[in-house]
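From first to last, the protein sequence lines stand for chains A and B. No gaps in the numbering here: position 211 of the first sequence is 211 in this note's numbering, and each next residue is one more. No gaps in the numbering here: position 25 of the second sequence is 25 in this note's numbering, and each next residue is one more.
Please note that a few of the clues may not be correct.
Just so you know, same-sequence chains aren't split out, so a pair can sit in one copy or run between any two.
Stated by the list, open to error - Taking lysine-lysine and the DSSO-like style, the derived pairs with C-alpha atoms no more than 30 Å apart in a straight line are:
hint : residue 1 : residue 2
1    : Lys25     : Lys161
2    : Lys103    : Lys161
3    : Lys148    : Lys130
4    : Lys8      : Lys50
Don't read these hints as lab results, they were simulated from the structure.
There are 2 protein chains.
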Amino acid sequence: MSDRNISKQTIRRIPIYLQHLKDLKIKNMTIISAPSVAAELKLNEVQVRKDFAAMSTTHGKPKTGFIINELIINMESFAGYNNTNEAILVGAGSLGKALLSYKGFEIYGLDIVAAFDIDSRLTGTEISGKVIFPLTEINEISNKYNIKIGIITVPANEAQKVCDVLVCSGIMAIWNFAPVHLTVPADILVQNENMAASLAMLSKHLREHIEGK
Amino acid sequence: MSDRNISKQTIRRIPIYLQHLKDLKIKNMTIISAPSVAAELKLNEVQVRKDFAAMSTTHGKPKTGFIINELIINMESFAGYNNTNEAILVGAGSLGKALLSYKGFEIYGLDIVAAFDIDSRLTGTEISGKVIFPLTEINEISNKYNIKIGIITVPANEAQKVCDVLVCSGIMAIWNFAPVHLTVPADILVQNENMAASLAMLSKHLREHIEGK
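Start from the sequences, fold in the hints, and give me the full structure.
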């Protein structure tokens with residue numbers, strides 16, 4: 001099944017849909033309508049119908065709705081949760097260590113196979129069974145194991161340099177946790193996880209709420 | 001300084017601006033123009049000029065540009081990095097533990113003061129010096145310490161229930177790591193950190209790239 005027609009926005013909604021559909025399945029439901037999902041998840045009805053139609057092989061029945069099991073299987077396939085993607089992580093500091101130790105990535109098909117750091121006191125040690133290598137070995141190891149995903153957890157002022165090394169080593173998709181803009185060739189994806197921006201949003205909301213009182 | 005006129009989008013760009021401005025400061029620069037920052041960060045020039053004008057007390061000089069030091073101080077203030085926000089975390093599983101152990105939140109003004117979990121084997125223990133309490137004590141502890149931020153790291157099907165308890169306990173802003181839509185009253189902010197969606201994006205990009213070869 002090709003996913004050329006599935007938009008980025010649809011892909012981002014998949015985890016939310018999946019959670020809801022699995023809940024319905026546990027309740028022994030087999031068919032669901034787009035409007036009822038839209039209402040439950042506070043999403044636009046037309047949008048949900050479009051998303052479901054794009055991800056349903058049978059395209060749903062006008063009167064009866066979409067088959068829950070089919071949607072779950074197809075959505076998991078579109079989200080890539082069925083096939084395992086191996087990744088390397090660069091920057092075994094506090095955040096890097098946390099991600100290396102996190103067991104939750106497995107259910108989403110991500111497997112961090114090795115980590116890299118510039119600090120010679122860290123290289124050669126293991127975190128949650130993953131060996132930390134020196135930065136100089138990124139190219140060799142990512143090529144040897146044909147790794148296509150790189151996770152960047154270095155300080156912001158080191159991130160572009162690390163990004164360049166990853167791209168030169170054949171990495172095609174970068175998960176960037178550094179609060180900095182990364183410049184990459186057109187065929188490389190940078191997915192930013194800007195936790196600093198999230199914290200700024202929380203802080204802004206609180207400040208306005210307290211000021212508003 | 002009021003921040004009524006600063007948009008959410010501007011707030012989200014602050015960490016990226018700050019990183020760049022601090023780099024320029026290290027290089028002993030004191031003045032910067034919006035177009036040069038826009039070019040460097042691959043952002044829209046008009047947008048950067050608008051952002052800087054909103055966050056500069058002197059509003060910049062048409063010929064000379066904006067004072068870097070002033071921008072840094074004002075941006076840190078807008079992002080709330082100067083004042084500490086205390087938070088509680090609910091769900092001391094794998095991700096919760098990782099966030100409790102993460103030292104990097106301090107520089108963004110976030111201090112997680114206590115954690116909560118339903119698992120009685122965890123309650124009473126400590127992670128990185130933070131005590132884990134039973135869920136039943138959320139209300140008492142958040143009121144006692146006047147906590148306004150709640151971090152949700154429970155499984156998706158528990159998240160709404162936990163969210164309701166947090167809102168009833170006076171929490172005003174929720175940082176939600178569960179891949180699920182949360183329903184809250186209008187004055188409560190939910191900031192979603194959907195790592196599952198990020199992973200789906202990475203996987204989609206790789207699949208398309210490999211299929212495209």
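How the hints compare with the structure:
1. In the homo-oligomer, the alpha carbons of lysine 25 and lysine 161 lie at most 30 Å apart only across protomers (19 Å), although the nearest pairing inside one protomer, at 47 Å, exceeds that limit.
2. Taking identical chains as interchangeable, the C-alpha atoms of lysine 103 and lysine 161 lie at most 30 Å apart whether they share a chain (28 Å) or sit on different chains (23 Å).
3. Taking the shortest alpha-carbon separations for lysine 148 and lysine 130, only the intra-copy value of 18 Å comes in at or below 30 Å, while the best inter-copy value is 37 Å.
4. For the homomeric pair lysine 8 and lysine 50, the shortest alpha-carbon distances inside one copy (13 Å) and between copies (28 Å) are both at most 30 Å.
The structure fails none of the hints (numbered hints given earlier).
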